[in-house]
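All chains should be modelled from the sequences, with the hints used to inform the complete structure.
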Amino acid sequence: MIDVEGLTKRFFGPEPVTAVDGVSFHCAPGRIFGLLGPNGAGKTTTLRMLATLLSPDEGTARLNGHEVREDPAGVRGSIGYLSASTGLYGRLTAWEMIAYFARLQGVADPEARTAELVERFGIGPFARVRCERLSTGMRQKVSIARAVVHQPPILILDEPTSGLDVLVARTFLDFVERARDEGHCVLYSTHIMSEAERLCDRIAILHRGRILAEGSLSELREATGLRYLEDIFVRCVERGGPER
Amino acid sequence: MRAFLAVLGKELTESFRDGSVLLYSIAFPLVLYPLLLWGAVQLLVLQAGVVEQQPPRLAVDASLDVMEALLAPPALPSEGGREALLAGDLDALVEEGADGALTLGWRSTRARSERARELVEERVEVLRAERGEALAVGAGLPPDALCPWDVRSTDTAGSERVALEALSRVIPLMALTTLMISIIYPMVEVLVGERERGTLETTLVAAVPRWAVAAGKLGAVAVTGLFAVAGNGLAIWATLASLTAQAGGSALSLAGLWSPALLGAIGALILLAPATAAWIGLAILPAQSFKAGQNRATLVITLALGLAAPCLSASTEPGWAWAAVPVAGTAMALRGALNGVLAGGPIAVAALVNLLLAAVGLSLGARVLSREDYLFGQALPRWLSWTRARHP
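Taken in sequence, the protein lines are chains A and B. Its first residue numbered 340, the first sequence is counted upward by one per residue in my numbering. Its first residue numbered 908, the second sequence is counted upward by one per residue in my numbering.
Any given hint could turn out to be false.
[Unchecked claim] Just the calculated beta-carbon pair ranges, DEER-fashion:
{"#": "1", "chain 1": "B", "residue 1": "N1202", "chain 2": "A", "residue 2": "E344", "range": "52 to 60 angstroms"}
{"#": "2", "chain 1": "B", "residue 1": "W1118", "chain 2": "A", "residue 2": "V356", "range": "28 to 36 angstroms"}
{"#": "3", "chain 1": "B", "residue 1": "N1202", "chain 2": "A", "residue 2": "D504", "range": "31 to 39 angstroms"}
{"#": "4", "chain 1": "A", "residue 1": "N378", "chain 2": "B", "residue 2": "K1198", "range": "20 to 28 angstroms"}
{"#": "5", "chain 1": "A", "residue 1": "T347", "chain 2": "B", "residue 2": "P1193", "range": "22 to 30 angstroms"}
{"#": "6", "chain 1": "B", "residue 1": "G916", "chain 2": "A", "residue 2": "A454", "range": "15 to 23 angstroms"}
{"#": "7", "chain 1": "A", "residue 1": "F350", "chain 2": "B", "residue 2": "N1202", "range": "22 to 30 angstroms"}
{"#": "8", "chain 1": "B", "residue 1": "P1193", "chain 2": "A", "residue 2": "P355", "range": "17 to 25 angstroms"}
Bear in mind the hints are in silico, worked out from the structure with no lab data behind them. The beta-carbon is built from N, C-alpha and C at its ideal position, and this holds for glycine as well.
Right, here's the structure in full:
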């Protein structure tokens, strides 16, 4: 479902930097692939390339059969993208927000689909309230509904629980697990170890643009001889890759 | 088209729910600008009234017949006339040279002096005619056979015509200014504001062609700008009607306004609105904050108004369709920018080129719609004449 091979992104400026350096991984349907790394590791840049917001300098990425450079429209139609910085239109109501994206994504009956999602995510009581007046939890529900309005087979989630309180974050994690159970392919970026341990079928530890280790949690434990993901992560980062 | 309409509808909904957009793009053009115009006219009327009540101070240094001829305006002693004129103690000075030629001194910066000049010129014309006639009769010729002095051409249209011409020059610039100012905030909001809040990213990862996003945003901003111009136009009309009534004239009617020239001018504005939105959009695209975006837009508008004003009067050939060029060009450049294809340099060049094209298109459009200097050069005087004929 997601096939990434040698993905590289460089940013030019006074101090040129290779933000993502030859990253490769694969994620199958019904699986959650975790990208784990500290701030500045290259997680967001990787996900932005997969979401066609950035163009890779080298390498290929194929999502649901669509290559990011050759068929960006096909990629966008196959993904639901959600990040901590993803905003809602404050002056639209929750209903208008979802219906707008339904129309934008070419959903056959936008109003019916909106009604369905409003029901599914419990948005009904505040569906006619402007997004700027919603609580964080309510906003997150609307964001999720917006991301899945076109029923994408792939979900790309970039640190989606940043800034959420425990209860809202927990609800969100439940949603991710349900998505996996429904057969979605989920690419999940986080720096919160407990989330990665709970959710991810496979984990890649990313540091300074390179994948330092990749495998299931048990494989990582076996390879490092350490029990906790945090310890595994720290060891990988300390041994690290070469300086860029 | 589906995506374009969705973006357009969403942007319009958001814009007309935004208090700042309503303030800058609707309330100001509808209320503040006409109020400023009304206030300015009241000030001018007040000033004109004061000038009218003050008789011009005129000095004459000439032979007796000239002095007699110029006695209509009150005359003052001419001693130290030049100094008094320079000091502002005199409004006009007439001097006769050894060869009999008359020199009129006045100050163009003072309304009272202007009025003195008009009075003297009228009298000097009479004097020249009488002298020429006397010379011819003395030589045994018919009275009109000789005209020893140059006959000065004067504007026979009168003050009303001058006022109409002034208005016809001011109104297009006012429409253009309103359009630009009312577009700044919504354009910064839909581009930089959205980027700041992360909502632009949300739209760009949707399965929507980039051109539809760009066109939808431009369209919504252009519609907002046109709303502002229309509101401003109506409010200005109401203000002019009020001022006309105040001056004792008849009320102005909108019915006479629908001349072909004006309809053409509205068409030109409809073309200009998306073009204006597009190059403001291009100019603010690199801005990383709302404030930086507003600063960039203000700078661009200042430059554009500087270019547009002379272009309005300098154009000589028709071809308003050229106004479509910047629309297409900027839409393409914006699409490239959203796709991450264009970097800052090319965007700046594209913005500059389109700015120039917009100015050229505007000026050519102005020319084809009017045989006089400005867009409303014919429409406004015709309209006022028509309304006066209907409401004597």
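Run the structure past the numbered hints and jot down the numbers of the failing ones, going up. 1
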